Structures are given as structure tokens and as C-alpha cells.
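First to last, the sequence lines map onto chains C and L.
Heads up: the first sequence is residues 14 to 445, going by the numbering used here.
Heads up: the second sequence is residues 40 to 206, going by the numbering used here.
Because the hints were derived from the structure by calculation, they are not lab data.
All values reported here derive from a predicted model rather than from experimental measurement.
Just so you know, not all the hints are guaranteed correct.
To be verified - Calculated from the model, a selection of chain C residues having no Cβ within reach of chain L, i.e. all distances over 10 Å:
no.: 1; residue: Val17
no.: 2; residue: Arg77
no.: 3; residue: Pro83
no.: 4; residue: Gly85
no.: 5; residue: Lys90
no.: 6; residue: Arg143
no.: 7; residue: Ala182
no.: 8; residue: Glu247
no.: 9; residue: Arg248
no.: 10; residue: Glu277
no.: 11; residue: Ile348
no.: 12; residue: Ala368
As the list claims (entries may be wrong) - Computed Cβ-Cβ distance ranges for the label pairs, DEER-style:
no.: 13; chain 1: C; residue 1: Ala368; chain 2: L; residue 2: Pro84; range: 26 to 34 Å
no.: 14; chain 1: C; residue 1: Ile16; chain 2: L; residue 2: Lys64; range: 43 to 51 Å
no.: 15; chain 1: L; residue 1: Ala199; chain 2: C; residue 2: Glu149; range: 24 to 32 Å
no.: 16; chain 1: C; residue 1: Phe73; chain 2: L; residue 2: Lys196; range: 44 to 52 Å
no.: 17; chain 1: C; residue 1: Trp369; chain 2: L; residue 2: Gly156; range: 51 to 59 Å
no.: 18; chain 1: C; residue 1: Gln150; chain 2: L; residue 2: Arg113; range: 26 to 34 Å
no.: 19; chain 1: C; residue 1: Trp369; chain 2: L; residue 2: Arg113; range: 39 to 47 Å
no.: 20; chain 1: C; residue 1: Ala442; chain 2: L; residue 2: Glu142; range: 28 to 36 Å
no.: 21; chain 1: L; residue 1: Glu142; chain 2: C; residue 2: Glu163; range: 30 to 38 Å
no.: 22; chain 1: L; residue 1: Glu189; chain 2: C; residue 2: Lys46; range: 34 to 42 Å
no.: 23; chain 1: C; residue 1: Trp369; chain 2: L; residue 2: Lys64; range: 38 to 46 Å
no.: 24; chain 1: L; residue 1: Gly156; chain 2: C; residue 2: Glu168; range: 48 to 56 Å
We treat Cβ as the ideally placed atom computed from N, Cα and C, and that holds for glycine.
The residues making up each chain are set out below.
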Amino acid sequence: MPIVKNISEFFGNENARSLKWRLEHGGYESARKALREMKPDEVTETVINSNLRGLGGAGFPTGRKWSFVPKGTDKPKYLAVNCDEAEPGTFKDKYIVEWDPHRLLEGIIICSYAVGIHTAYIYIRGEYVRPFERLEQAVKEAYAGGIIGEKVLGEDYKLDVFIHRGAGAYICGEETGLLESLEGKKGWPRLKPPFPALVGAFGCPTVINNVETLSHLPGIIKNGAQWFSDLGCERNGGSRLFALSGCVNKPGVYELPMGTPMKELIYEHGGGILEGRKLKAVVPGGTSSAVLTAEEAEMATLDFDCLAKLKSMAGSGAVIVLDEDVCMVKALHNIEHFFSHESCGQCTPCREGTAWVFRILTRIVEGGGTMADIATLKNLGQNMGGTSICALCEGAAMPLRSFVSKFEDEFEYYVKHKRSLVEDRKRNAVAV
Amino acid sequence: MSASFEFTPENKKRFEEILRRYPTKRAAMLPSLHLTQEQEGYISPEAEQYIADLLEVPVVDVREVVSFYTMFTRNPLGKHHIRVCESLSCWVRGSDEVKETLEKELGVESGGITEDGEYSWEVIPDCLGACELAPMLQLDGYFEGNLTREKVVELLKKQAASKTSGK
Ligand SMILES: Cc1cc2nc3c(=O)[nH]c(=O)nc-3n(C[C@H](O)[C@H](O)[C@H](O)COP(=O)(O)O)c2cc1C
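Start from the sequences and build out the full structure, keeping to the hints where you can.
The following block contains the structure:
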């Protein structure tokens, strides 16, 4: 399937950040159409019918999420836009914010109008400095140009948009961790229920959506629900940004219809594996997802349902390619280092489990592992998931289980020989 | 070490503007701490107390937030700060080489500051969100990517040159 340009149309275009230029190129026409010609419920209905699903990681149907927000409440409602983008391998939201921030702002207007929201916070990770600067500039221009503020696009609708910078914590991408952080606390996720749609930011009903999810709204309002849903595959509407990285020739962001074969992304768009080496494995949806073997990857399609069937997940759309020269023991060590560092410390199975896994893997890569360590890793993989308030712990368990079970020979070799199988093979190949 | 801390008049204005964005004072915590670090380079115990008073929360609440988030620092950093990404995509593309080069060129380990106070650097296990540039680092907040040993050396040279030319 060819590359599509629904939301990536202006990536790389230096003009597109300016409000004036963007207005001359279709900017805010969909928001205007929604405000003038559609009832809020009609907007929600359109989004439900488009089959748009949350692109932050969980894939929850977007319109349905909005419909959980109570209608007759006298409390203010909030929109929290998730631009924390910290799942390893993920860098797509950055492209939207850096190159086409007005598309995001237009999406924010559309969502806010549909749900009856008058205040939106964009939570952007603190490490994103240039993206923040560009976004801030766009928000300023949008206020000055009468796009947002007291009268959105001149209509009788008020909307404030504020940017809230994070400060380096993966857990604040988790939606309730984000809300805590927005409220000025450490990002400890909340127990659900109550769900944020009822009790969210500052105790009020709140919608949390990912940057990319919201950026699809202008296209959906412009071209209709049918257009979007036809573009994807069953129950997976439209297109999506795939952030391709690792051992490929052309890493980058590619917008493709849902259901595109993984092979196509890696070989056609990504230019194939580095230096003609062989594909070994793919991490298909950020490092929280289960790794796929080369064979699995070659039959996978890029959508939520196919990857769930393969007991992995589409997650954040971050596709990390690993070639035959990558040691899977060290790769897992790298991944679990991240999780042990980023566990927020609230739930015992996660705090202790991720640290324990990392200690064992460190022991193995330093040559001090035993066969019993491998058994312990398997046991932890089975028992860590589903035992904590949020999904971080399961995110650490998915790679753990899949790396150890799919590449067990490498773990056993490492323990027996105190060296990496892959590195030994490379050495021997050179010696021969 | 500064014995006391106070926002500059300019930052006081910015703080007032920040407060208007939220329905609670406490929500201004992260922006206020960013502002503090921007002004002072780090967050001192005195600054924590100052923020606590402004936001009307116990100082321990401020400390808790400062220590939770990795970007807040309670110690001064070098004039320029470098963060090396070591997450999976950078690692498979050679972040080890970037680390080794920095250690050699700067003469201090990750987490340290050079003797002249020019540079501090750290390796972080988190992904910085720029895997298309792997291996990459962040210099004073901005991304530098597709790094090799030579490129890292060049980057440091360029940085030093821009200093002597007064840029
Ligand atoms: C540990 C963890 C980290 C997450 N990080 C992000 C993130 O950086 N960005 C994001 O959009 N969603 C992230 N999510 C998913 C959010 O919890 C939430 O599902 C999402 O923001 C909802 O928006 P969507 O429905 O538009 O995808 C994370 C979830 C978990 C468990």
C-alpha cells in the first residue's frame, strides 16, 4: 500500500507552521464546519463511525471514549492532550507538533466542541524543547488570530489551550499519571474506576487523547467517517504514523493505512535491513510490546487486531527492527533497564519485579548467570503482569516473556558460556 | 550556593501568568520549577521553600516532585549539559561509541562535570524520542543525531569555537 498523506502532508514544509500559510492551505476549515454546521453529538457520531482508535497505545475507540463524559454536569470539563511520547522507539507526535501544530490545534477544537470542553492542556514531555517552542508559537498565533480564545473562529464558543511541560518521567504518559502531573504532583497513576471521563483533572470530567488521534479529526470531519474507515481495515479506521527505527536503512515516520503488511514498511519504505543483513526480530509497538520473530513479522499486518492475535500489540506504532547481529540477551537487558528506571514505585510487583528482572539480566550479561536465573525470569514474566494499578508492569512483562521464550537458545548459551552467542558467531565468522 | 532564592521581576510576572492557567495553585508546580531551574540552573533547598510558599504547600511536597522527575536537578550542572540516549534504537545503532567518545573527550564519567565547569553529561536509559537520528544526544536541549566518534568530537569543537567567538 502506498504512503498516504492525511496528517503527514506538511511534514518537512517550513511554511506550514505559520498560521497565515496554514489558513491558506485548508487550516481550520473542518473546525469551522463542525462549529457552524454540526451539532456536538453529530461530531461524536461521525468519529464513532470512522472507527478512529486511540493512537497513544491502547487503541480505544475515540468517539466512544468521548461519549462516556456526562452531558448534564455543571462542572467544567477538560481535555488533556497526551504529548508525553516516551515509549521507547516512539517519535511520531514530535513530527506533528514540529511541522503541523495547527492541525493538532484544529483537532483540539473539534474534540472540545464535541464534548463541551472549554479548557485544554497539552502535556508535552520536558525533553521536547524544539517541539515545545514551535507549539508555543503556534498557540500564540492561534490566540492572536482569533482561532482560539474567547470566540473560537469568531463563533460563540470559548476555548483556552495551555501547554504544560513534563519533566522527565515515562509514567506521566499513562493517562492518570499525566493528570497527577498536571495537578502538580509526582506522576503516580490512579486507581480506576472512577475513570477520567467522570473524575479526571481537578476532579472534573476529562478526555485524554493522544496528539496523533486528535490530528486525524480535521480529515475525518472534512471527508467523512466512511472515507476514513474505508481507508483502514476492519475495526481499524484510517491511516497511522509508524515510527520506524533500529537496523533499517531509512528510519523515519511513515504514514500508512492500517493493515499494511509489516514487510512493506520495513523493506519498501524503510529501505530494508542495514548492510543487507538478515532480519531477526521486530518490536512492533514500542518496547512494551512483545517481540516478534522474523517469521511472525513477515506475516504480520500493522493494525491493532493482527498484532493482538500474535500476542503482541500495535501500541504506539513504534516499529523497532533488530537484525541478526543483535544479541537478544543484551537487547532485553537494555529494555528492562528502562522499565526498572521508569517504574514509579507505587505498586510492589512493578517496583520490585522490574528491578529484580534488571538485576538478573545484568548478572547474565556480566557472565555470572545460572540456569536457575532463566527459570526465575520466566516465572517473573508470568507473574508480574496484571498485578498493578497501571499497565507499565505488563509493559515490562511482555518483552520479558517473549524475548526469553522466543530466543531461549541465546539466553542458555549466554549462561553456559558467559558470552553472547551472537557475538561469538560474529567473531568466528571473522576468524574463518 | 545562594542563601536565598527569589524570582527575578520578569519571572515573577511569568509566574503570575502561569497561575492563571490552572484552577489550583498547586498545578503551577512543574512550570514554577522549570522557571526556577531556568533562572538558577538548579533547584536549591531555598528555592524549594520559596516555591512551597508561593504555592501554599508544605516544602516536602515540592521536594517530592523535584526528586521524582529526572529533569529537575538539585545540583548545579555544567554550563552545557549533554544527555545521551541509550534506549533500544540508539543502542543498536551504536550509542556505546557515543558514550565512550564523550568519556574520553570530556575526561569525566557520565554524571560528572568537567573541571572547568563547561560540560556535564549523563547517559539516560530513557528514550529521547528521536530514534530516526540514532544514535543521538541532546545538547542543551537540542537534538544532535546520526552520531559517530568523529561527529561527537566535531560537535564539541564547534561548541568550544562558538564560545571563543563570543556567539
Ligand atoms: C506506562 C504508560 C505510558 C504511556 N505513555 C503514553 C504516551 O507517551 N503517549 C500517549 O499518547 N499515550 C501513552 N499511554 C497511553 C495512555 O494511557 C492513554 O491510553 C492514551 O493517552 C489515550 O489516548 P488515545 O485514546 O488517543 O490513544 C501510556 C500508557 C502507559 C500504561
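task = Decide, holds or violated, for the assertion that all CB atoms of chain L are farther than 10 Å from the CB of Arg248(C).
result = Holds: least Cβ distance 28 Å, greater than 10 Å.
inquiry  = For the hint 28 to 36 Å, verify it against the beta carbon of Ala442(C) and that of Glu142(L).
reply    = holds, 30 Å
key: Interface exclusion of Glu277(C) relative to chain L, criterion Cβ beyond 10 Å   = Label holds. Min Cβ-Cβ 18 Å, cutoff 10 Å.
Satisfaction of the hinted span 26 to 34 Å by the C-beta atoms belonging to Ala368(C) and Pro84(L) = Holds, at about 29 Å.
key: Reported absence of Arg77(C) from the contact zone with chain L (all CB gaps over 10 Å)   = holds, 27 Å
message = If I claimed the Cβ atoms of Glu142(L) and Glu163(C) lie 30 to 38 Å apart, would that claim hold in this structure?
response = Given about 54 Å between the Cβ atoms, the range is violated.
query = Is it true that Phe73(C) and Lys196(L) lie within 44 to 52 Å of each other by Cβ?
reply = About 49 Å separates the Cβ atoms of Phe73(C) and Lys196(L), which means 44 to 52 Å holds.
request  = May I ask you to check that Glu247(C) keeps its beta-carbon over 10 Å from the closest beta-carbon of chain L?
outcome  = holds, 30 Å
task = Hey, is Val17(C) genuinely clear of chain L, shortest beta carbon separation above 10 Å?
result = Val17(C) clear of chain L: closest Cβ-Cβ about 19 Å, beyond 10 Å.
query = Can the suggested window of 39 to 47 Å be confirmed for the beta-carbon pair Trp369(C) and Arg113(L)?
reply = violated, 28 Å
task = Examine each Cβ of chain L, and state whether all of them lie more than 10 Å from the Cβ of Ala368(C).
result = Consistent with the label, Ala368(C) stays out of reach of chain L, its closest Cβ about 13 Å off (over 10 Å).
key: Reported absence of Arg143(C) from the contact zone with chain L (all CB gaps over 10 Å)   = Violated, since 6 Å does not exceed 10 Å.
In terms of the numbered hints stated before, the structure departs from hints 6, 7, 11, 17, 19, 21 and 22, listed from lowest to highest.
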